Amino acid sequence: MPYVNVKLAGSVTKEQKKQIAKEITETLQKHAHKPANYTYIVFEEVAYEDWAIGGELLG
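In the working numbering, each residue carries its 1-based index in the sequence shown increased by 60.
The reader is advised that the hints may include incorrect statements.
Unchecked claim - Pairwise CB distance ranges (calculated):
no. : residue 1 : residue 2 : range
1   : I113      : H93       : 32 to 40 Å
2   : A96       : V72       : 17 to 25 Å
3   : K90       : I113      : 30 to 38 Å
4   : N65       : G115      : 20 to 28 Å
5   : G115      : S71       : 19 to 27 Å
6   : Q89       : K67       : 20 to 28 Å
7   : N97       : L117      : 37 to 45 Å
8   : G70       : K94       : 27 to 35 Å
9   : E109      : P62       : 28 to 36 Å
To be verified - Computed cross-link-like contacts, DSS-like style, restricted to lysine-lysine with a CA-CA straight-line distance of at most 30 Å:
no. : residue 1 : residue 2
10  : K94       : K74
11  : K82       : K94
12  : K90       : K77
13  : K90       : K67
14  : K78       : K67
15  : K77       : K67
16  : K90       : K74
These are calculated hints, taken from the structure and not from any lab test. Predicted, not measured: the structure shown is a model, and the values here were computed from it. Glycine is no exception: its CB is placed at the ideal position from the N, C-alpha and C atoms.
Make the full structure from the sequences, and use the hints.
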């Protein structure tokens, strides 16, 4: 049972999430032979001011 956590700085639309989830699921089916109905995907949207790279906040 694959569990995929997609963590993003900022946000994406519901339609973008649907497409990302579809493509991740298809990739796991094709390359790892994992069934779609057992693939779990969670989206975590982190505000830019809560995300830092190289010691600097994005926001």
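Hints versus structure:
At about 35 Å, the beta-carbon gap between I113 and H93 stays in the expected band of 32 to 40 Å. About 21 Å separates the C-beta atoms of A96 and V72, a value consistent with the hinted range of 17 to 25 Å. Distance hint for K90 and I113: a CB-CB separation of about 32 Å, consistent with the stated range 30 to 38 Å. At about 24 Å, the CB distance of N65 to G115 agrees with the hint of 20 to 28 Å.
Checking the proposed 19 to 27 Å range against G115 and S71 shows it holds: the Cβ atoms sit about 24 Å from each other. For the hinted restraint 20 to 28 Å between Q89 and K67, the CB-CB distance of approximately 23 Å keeps it satisfied. Distance hint for N97 and L117: a CB-CB separation of about 40 Å, consistent with the stated range 37 to 45 Å. Remark: the range hint 27 to 35 Å for G70 to K94 is upheld by a beta-carbon distance near 28 Å.
Separation of E109 from P62 is about 31 Å and conforms to the stated range, judged on CB atoms against 28 to 36 Å. The straight-line distance between the Cα atoms of K94 and K74 is roughly 24 Å, inside the 30 Å bound, and the hint therefore holds. Among the hinted pairs, K82 with K94 is consistent with the structure: their alpha-carbon atoms are about 13 Å apart, no more than 30 Å. The suggested pairing of K90 with K77 holds, with an alpha-carbon distance near 20 Å, which does not exceed 30 Å.
Distance hint between K90 and K67 is fulfilled; the C-alpha atoms sit about 23 Å from each other, no more than 30 Å. The suggested pairing of K78 with K67 holds, with an alpha-carbon distance near 15 Å, which does not exceed 30 Å. Our distance criterion of 30 Å between C-alpha atoms is met by K77 and K67, whose separation comes to about 12 Å. The suggested pairing of K90 with K74 holds, with an alpha-carbon distance near 24 Å, which does not exceed 30 Å.
The structure agrees with every numbered hint stated previously.
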